[in-house]
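Last residue of the sequence shown: 146 in full-length UniProt numbering, with the numbers rising by one and none dropped.
Hints listed in this document are in silico derivations from the structure and should not be mistaken for laboratory results. Do not rely on the hints blindly, as some may be mistaken.
[What the hints assert, rightly or not] Here are the in silico distance ranges between beta carbons for each label pair:
1) Gln27 to Pro50: 29 to 35 Å
2) Ala76 to Leu122: 39 to 45 Å
3) Ala112 to Gln35: 18 to 24 Å
4) Pro86 to Gln13: 44 to 50 Å
5) Glu83 to Gln35: 20 to 26 Å
All C-beta atoms in this analysis are idealised placements derived from N, C-alpha and C, irrespective of residue type, glycine included.
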Amino acid sequence: MTTTSVTNQEALQLVVAVHRLVRSLRQTAPVRRLQPTQMLVLSELAVHGPMRIGEIAVRALCSQPTATTVVTGLEATGLVHREPDPADGRATIVELTALGQDMIISMAHGEAELLSDRLAQLTPAEQELLLAATPLLRKLGEPTQH
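Turn these sequences into a full structure, and let the hints steer you where they fit.
Structure (structure tokens):
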């Protein structure tokens, strides 16, 4: 069995490539842009449903004060709303609004369409290789337990 080790330089090159791809898609997309943390918060709410600020912070990989600031901004634009937590009256639950759901779908479709156009420029073998990496990238993007 062969053991392969990834160097820090190789990992850095992957980080830069992923950031460049995401930035390029977001700058080119014809839809209203959100900050990356705002996009993450909306995405997490769309996938996992209503949650407290603390859980949002963990899932969006940011501090609780940052999550609070982001939610406040999203609430001011009507993309999320807060309701008292029925299990604990001192806490609130953040929910995606219909407008927030429409925004995340619109952004995802716009970026996916752009990426699809770019994927069409690759060879079939390159497309297959890249698409096979999707589950691994998703796995690497999950919050880690310390």
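Each hint tested on the structure:
1. At about 31 Å, the CB distance of glutamine 27 to proline 50 agrees with the hint of 29 to 35 Å.
2. Alanine 76 and leucine 122 have their C-beta atoms about 41 Å apart, which keeps the hinted 39 to 45 Å range intact.
3. The hinted window of 18 to 24 Å between alanine 112 and glutamine 35 holds, with their beta carbons roughly 20 Å apart.
4. One distance hint, 44 to 50 Å for the beta-carbon pair proline 86 and glutamine 13, holds here, with the actual separation near 48 Å.
5. A beta carbon spacing of about 24 Å between glutamate 83 and glutamine 35 agrees with the range 20 to 26 Å that was offered as a hint.
The structure fails none of the hints (numbered hints given earlier).
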